[in-house]
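Protein chains in written order, with our numbering: chain A, 19 to 194; chain B, 65 to 505.
No lab work stands behind these hints, which were simulated from the structure alone.
It is possible that part of the hints are untrue.
Here are the simulated lysine to any residue pairs, SDA-like style, with alpha carbons at most 20 Å apart [to be verified]:
{"no.": "1", "chain 1": "B", "residue 1": "K217", "chain 2": "A", "residue 2": "V180"}
{"no.": "2", "chain 1": "B", "residue 1": "K203", "chain 2": "A", "residue 2": "R142"}
{"no.": "3", "chain 1": "A", "residue 1": "K71", "chain 2": "A", "residue 2": "P167"}
Looking from chain A toward chain B, a few residues come up when the C-beta cut is under 8 Å (computed) [to be verified]:
{"no.": "4", "residue": "M77"}
{"no.": "5", "residue": "V80"}
{"no.": "6", "residue": "D82"}
Take a look, some chain B residues computed to stay more than 10 Å from chain A by CB distance [said to hold, decoys possible]:
{"no.": "7", "residue": "L120"}
{"no.": "8", "residue": "R135"}
{"no.": "9", "residue": "A202"}
{"no.": "10", "residue": "L307"}
{"no.": "11", "residue": "L315"}
Ideal placement from N, C-alpha and C gives every residue a C-beta, glycine not left out.
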Amino acid sequence: MSRALLARRPRPPRGGAAVAVEVLVCGSPDRGDDGAPMAVMARLREQLPPDVKMRAVGMLDVDDLLSVPYGAGVVIVDAATGIDPGAIVDLALTGLIGRPDGLHPRSSHALALPEVVGLAEMLRGRPLCGRIVAIGGAHFGLGTSFSRPVNAALDPLSEAIVQAVASVRPPVAGPA
Amino acid sequence: MHDLDLASGGSGDLAIDVAMMTRVEGEGSLRLRVRNGVVEEARLEIFEAPRYFEQLVVGRTPDEVIDIVARICGICPIAYQMTAVHAFEHGLGIEVDPQIRALRRLMYCGEWIESHALHIYLLHLPDFLGYASALELAKDHRPAVEAGLTLKKAGNQLVELIGGRAIHPVSVRVGGFSRTFRRSEITAIRGQMTEALDIARQTVDLVAGLEPPAFQREARLVSLRHPGEYPMNEGRIVSSDGLDIAATDWLTEFQESQVSWSHALQSRDLAGRPYLLGPASRITLAADQLHPLAAEALAATGLAEEIRTNPYRSILARAIELVDATAEAIDIIDAYEPPAQAATPWTPGPASAAWATEAPRGLIFHAYELDQRGLVRNARIVPPTSQNQAGIEADLASFAPQVLDLPMDQATHRIEQLVRSYDPCISCATHFLNLSVEDLS
Numbered sequence: 019m020s021r022a023l024l025a026r027r028p029r030p031p032r033g034g035a036a037v038a039v040e041v042l043v044c045g046s047p048d049r050g051d052d053g054a055p056m057a058v059m060a061r062l063r064e065q066l067p068p069d070v071k072m073r074a075v076g077m078l079d080v081d082d083l084l085s086v087p088y089g090a091g092v093v094i095v096d097a098a099t100g101i102d103p104g105a106i107v108d109l110a111l112t113g114l115i116g117r118p119d120g121l122h123p124r125s126s127h128a129l130a131l132p133e134v135v136g137l138a139e140m141l142r143g144r145p146l147c148g149r150i151v152a153i154g155g156a157h158f159g160l161g162t163s164f165s166r167p168v169n170a171a172l173d174p175l176s177e178a179i180v181q182a183v184a185s186v187r188p189p190v191a192g193p194a
Numbered sequence: 065m066h067d068l069d070l071a072s073g074g075s076g077d078l079a080i081d082v083a084m085m086t087r088v089e090g091e092g093s094l095r096l097r098v099r100n101g102v103v104e105e106a107r108l109e110i111f112e113a114p115r116y117f118e119q120l121v122v123g124r125t126p127d128e129v130i131d132i133v134a135r136i137c138g139i140c141p142i143a144y145q146m147t148a149v150h151a152f153e154h155g156l157g158i159e160v161d162p163q164i165r166a167l168r169r170l171m172y173c174g175e176w177i178e179s180h181a182l183h184i185y186l187l188h189l190p191d192f193l194g195y196a197s198a199l200e201l202a203k204d205h206r207p208a209v210e211a212g213l214t215l216k217k218a219g220n221q222l223v224e225l226i227g228g229r230a231i232h233p234v235s236v237r238v239g240g241f242s243r244t245f246r247r248s249e250i251t252a253i254r255g256q257m258t259e260a261l262d263i264a265r266q267t268v269d270l271v272a273g274l275e276p277p278a279f280q281r282e283a284r285l286v287s288l289r290h291p292g293e294y295p296m297n298e299g300r301i302v303s304s305d306g307l308d309i310a311a312t313d314w315l316t317e318f319q320e321s322q323v324s325w326s327h328a329l330q331s332r333d334l335a336g337r338p339y340l341l342g343p344a345s346r347i348t349l350a351a352d353q354l355h356p357l358a359a360e361a362l363a364a365t366g367l368a369e370e371i372r373t374n375p376y377r378s379i380l381a382r383a384i385e386l387v388d389a390t391a392e393a394i395d396i397i398d399a400y401e402p403p404a405q406a407a408t409p410w411t412p413g414p415a416s417a418a419w420a421t422e423a424p425r426g427l428i429f430h431a432y433e434l435d436q437r438g439l440v441r442n443a444r445i446v447p448p449t450s451q452n453q454a455g456i457e458a459d460l461a462s463f464a465p466q467v468l469d470l471p472m473d474q475a476t477h478r479i480e481q482l483v484r485s486y487d488p489c490i491s492c493a494t495h496f497l498n499l500s501v502e503d504l505s
């Protein structure tokens, strides 16, 4: 190892948690069912409390997770293959690494989700309190329309995100 | 590693099937068969679904094409945009402002920085240091992974600054950009580039000290070469055996063909010879045009010849290019003055348009025919990985006998490491394919 590289200091921790939960929305709006998470983003803005921040990230990167404020929860929303189109899966980020069923990137995503999460947790110095909500897709080609199963599952996807947000929301301290 | 299926047939025999290559971009596999020390079969199988971009752009305007081809790959969208826009501008006879030219080069620097940092630190370095993944590497060498992520972020932000967004940027237009950029916008990123240059120079020190597997071969290397700058957006296509043709003339020397084991078309020269593209080719064929800081870094390693002959040294070639791209980015930022207009006006019309640029993984070629209305009549998109595929297979065949005596897991690791040396982007390689079905009944 280069001595100079070894001498680099860790990133400074980021400050306060005015944001209770961040929702990181993955996908591409012009890639068929891959756009489903983006589509529910608009309708969720009115349903979620103001201390829940939604952010479109396209392809999830380590930096996206590093910028989640300490103390805040995180919900990652993405489309997926390997599950039935329209089916919704909700997984805790805890234990994602080493799952025997694996979570592999579909195409040119460079790092698998467990690796992205693991790197972010390591660099943050503490585990992320979060969940991933994924909707099974059927068509990921160019185009803005959804397959029928995904179209029918947009409301359940919204509900699953709301539930996931509630489950990762940090506890509010009661009155003294 | 995962999804491995290994079987040994005894001394001198080796069968390696890596059912799913990890830490390469996209979906591919590797099949290698050696009998009595002789390689019978070396196949890099690319089975990611064909992507019909060459047909998707038919009937579209040049500006639409520039946005569409950026969607071919999330890792190297600039390469597709730059190749397409230069092809159209050359075909239509459009001159661009020198500052537009500089901005495009700056944007391409961002993609090189992001792509090379990702590959060096998160995809390839684990191989050299004996880790299964970047995550495992980070447990013991966190500063190195942080350095890689810092570089990657700097590259992404450079692309986002000029392209409007880091993934699939949207600002490139025929004749220029969709808007002009104030000097203050461009100089705002200088501090980050200075930090990136510092890390890039340390990266060279780091990877120059890695011990690569012993392997030497004489491959035919191909890249662009420009008389006044390190090849990126412009230059002539040259080779290590004397080829020297215009960037528009790829089709006069090379051809694509279909092989049964891959969804990607393979490229060879017209004589059927494989060749290799990428950082090692560029360093070999254009080192005299490196930025002085990059040239100095290369000279200090004393490994230029090894970069040419040992593909495992490609990680060092990428590190040298990291220095080149970050140093040049700073120079461009310092010299930037806003152009008089965002884009040179132009008139749609018929044209034959072709061009080649240098993607992080190597030379990429586009050719388009525009009809009377200026709409695309047909398109040819030749990405670097499909050009490298035959050369990778040739290298695999040369290298495989050296690992016969190793335990199977080590042999597999060495082979995978070799494939990753070319940083294959399988997503890019699987473009439009003419399928034929043979009826054996």
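Task: Structure versus earlier hints - violations, ascending order - done: Going through the list in order, the structure violates hints 1, 3, 6, 7, 8 and 9 and respects the others.
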